[in-house]
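Residue numbers (the working numbering), protein chains in the order written: chain A, 1 to 397; chain B, 1001 to 1174.
Bear in mind the hints are in silico, worked out from the structure with no lab data behind them.
Mixed in with the good hints there might be a few duds.
Simulated restraints on C-beta separations [said to hold, decoys possible]: (1) Gln312(A) x Arg1151(B): 26 to 36 angstroms; (2) Arg1078(B) x Thr8(A): 43 to 53 angstroms; (3) Arg1078(B) x Lys329(A): 27 to 37 angstroms; (4) Thr45(A) x Arg1147(B): 41 to 51 angstroms.
Simulated crosslink set (DSS-like; lysine-lysine; CA at most 30 angstroms straight-line) [as the list claims (entries may be wrong)]: (5) Lys107(A) x Lys1137(B); (6) Lys1155(B) x Lys225(A); (7) Lys1137(B) x Lys358(A); (8) Lys111(A) x Lys86(A); (9) Lys1121(B) x Lys1132(B); (10) Lys55(A) x Lys1121(B); (11) Lys1082(B) x Lys358(A); (12) Lys111(A) x Lys1132(B); (13) Lys367(A) x Lys1082(B); (14) Lys1123(B) x Lys107(A); (15) Lys1132(B) x Lys107(A); (16) Lys367(A) x Lys1150(B); (17) Lys107(A) x Lys86(A).
By construction, the Cβ of each residue, glycine as well, lies at the ideal position given by its N, Cα and C atoms.
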Amino acid sequence: MTLNLVSTLEGHEDIVWQVAWNGGILSSCSSDLSVRIWQKESETTDYECTCILGKSHERTIRSLQWSIDGEYLATASFDSTVNIWKFTPSSKSNDNEDSFECVSTLKGQEKELKSVCWSPIWKNFSLKKQYLACCSRDHSVWIWEKLSSNDFEISEVLEGHEGDVKHVTFSPTEPILASSSYDNSVRIWSHVSLNSDKKQKNGNLKGGELLDELDEEMEWKAQGKLADHTNIVRSTSFSADGKILVSVSADRSLIIYEKKEEQETKKEEEKEKEKEKETKKEEEKEKEYKGKSALYEFSSDIQSTAGWVIRQKIENLHERNIMSVDIKKDEEKLTIATCGEDDCIHILQEDENNVIQKIISIPNAHKSDINCVTWGENNLLASCGDDRLVKIWKFQN
Amino acid sequence: MSSTTEEVDSPNPNPLRKKKIVIVRENQFLEEDETVEDPIDSLEIYETIKGINDPEYPFSLEELGIISPEQIQVDSRRRWIKVEYTPTVPNCKLSTLIGLSVRTKLLRSFPSYKYDVVIEKGKHDTEEEINKQVNDKERCFAALEQRGLKRAIDKCLATSLSLTKKEIKKLTKY
């Protein structure tokens, strides 16, 4: 099993923060305020920079992501805006050249944006909408809905994190979103159509239930919180079947979560509800005693983990802050790539005993901090870092 | 390895914080191998950051005893630099700015290194929060892009004097 350097791409004039694949096309964004597009003309030639998107943001471009159909590229910046670019490949354009057109700018969040992510096509759900999620230092996650034209409309403003939100990613198999934050937690948000509690509600609306009625107008809501890291959570990644979620943190550890069977989670939720009822009764007694009556019962901070349980925790995976993690989507065995501020790339894989172990380590993969790793097609892995370089690696099992 | 020691009195406005700085110089003749990059030592780092201006008082961090050579550690092989700093008072509101200034100076002077800039344990009420912010690279770079903060940091790193009272008021909101 090896990871060999295939290409080193120079050109950016400052820190490169993120790389994203669109088929065989690689894009990167940087503090030099530009986005670069890297392509290979043919199998035998090397990658070269075929396009530079500049003058679109006023500050560092921190994150970029392609839509699933490869038609759109979203870039998120410290200037608090997201730019949506429409991509027309040379084969389809009139002048035989790739073209990018900035068709929309999304504004509204305060402070610097840290991450942007498109929703995939969720096959088992009748949801035909396309969403774009972005997160900010103002502690919020905004979910935009893409309308049929190039317009976007706010779908939800998700609040709950108690710090800078660093990363957002959608699950490939169901309408849930995982957000990672400076507050050391990962929060799970789900599309309201999943919430089966709503169907059980009936009867007159009283104080606490008024809040539930408001929920009906919400499209997305908080589903759970994972608070197992002891420092900033930098990034998370779902597996292709949506059953595994990995997270990496400044505490230098990697946690692998597994989604429990639905039946088990329902039993646990019922137990939790019974406990909640008991504590609520006690609280009500206290309130009556104190002479206060609450009109609304504000739900306390989320206690549920939305069905995710820790399968394995790997401590001291990197010598410094781990910046990024990505699960390889087309591999049978669970294969994970991580990178960090120790200039290392690690590849981990499940062994015969279903334990995830480090199988490849590349020290000094970059000359400085590595900010992002992302798997592409054909066993390729792209990485980028503070040394202003983008590198492409080939993985052999 | 032979070394020479000197004792230097540091000028300090606060009589309670007067410190004697002991400078230990390593024997430079031992570092003759030219193919290996000269490893830096804590003294070299101290020389680089000691002149950073305090944002509030017209003195340097060295003069106020906020930093000292003993509070600097270097791992030359892994290229790690750790600087501990001691704010003048436990509720100093500009501690984050001082940490940021030290980190920025290290980044500019020793670009290929890794930095840990932390408050000396027990010396500040909110040291954990401040350490977390100062050592979050992404937050530091975002801060440097903000005009007001950048100006404040540049002032600390310049050879000129400290900020005006108005500027200090604006900064304590960060």
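Taking the hints in turn, this is what the structure says about them:
1. Gln312(A) x Arg1151(B): 26 to 36 angstroms: Given about 47 angstroms between the Cβ atoms, the range is violated.
2. Arg1078(B) x Thr8(A): 43 to 53 angstroms: violated (23 angstroms)
3. Arg1078(B) x Lys329(A): 27 to 37 angstroms: Holds, at about 34 angstroms.
4. Thr45(A) x Arg1147(B): 41 to 51 angstroms: Since the Cβ atoms of Thr45(A) and Arg1147(B) sit about 44 angstroms apart, the hinted range of 41 to 51 angstroms holds.
5. Lys107(A) x Lys1137(B): holds (25 angstroms)
6. Lys1155(B) x Lys225(A): Violated: Lys1155(B) and Lys225(A) sit about 42 angstroms apart, past 30 angstroms.
7. Lys1137(B) x Lys358(A): holds (26 angstroms)
8. Lys111(A) x Lys86(A): Between Lys111(A) and Lys86(A) the Cα gap is close to 25 angstroms, so the pair holds against 30 angstroms.
9. Lys1121(B) x Lys1132(B): holds (14 angstroms)
10. Lys55(A) x Lys1121(B): Cα-Cα ~45 angstroms, so violated.
11. Lys1082(B) x Lys358(A): holds (28 angstroms)
12. Lys111(A) x Lys1132(B): holds (18 angstroms)
13. Lys367(A) x Lys1082(B): Roughly 19 angstroms separates the two Cα atoms, so the pair holds.
14. Lys1123(B) x Lys107(A): violated (41 angstroms)
15. Lys1132(B) x Lys107(A): Holds - the C-alpha atoms of Lys107(A) and Lys1132(B) are around 28 angstroms apart, at most 30 angstroms.
16. Lys367(A) x Lys1150(B): This hinted pair holds, its Cα atoms lying about 26 angstroms apart.
17. Lys107(A) x Lys86(A): holds (18 angstroms)
Hints 1, 2, 6, 10 and 14, counting from the list given before, are not met by this structure.
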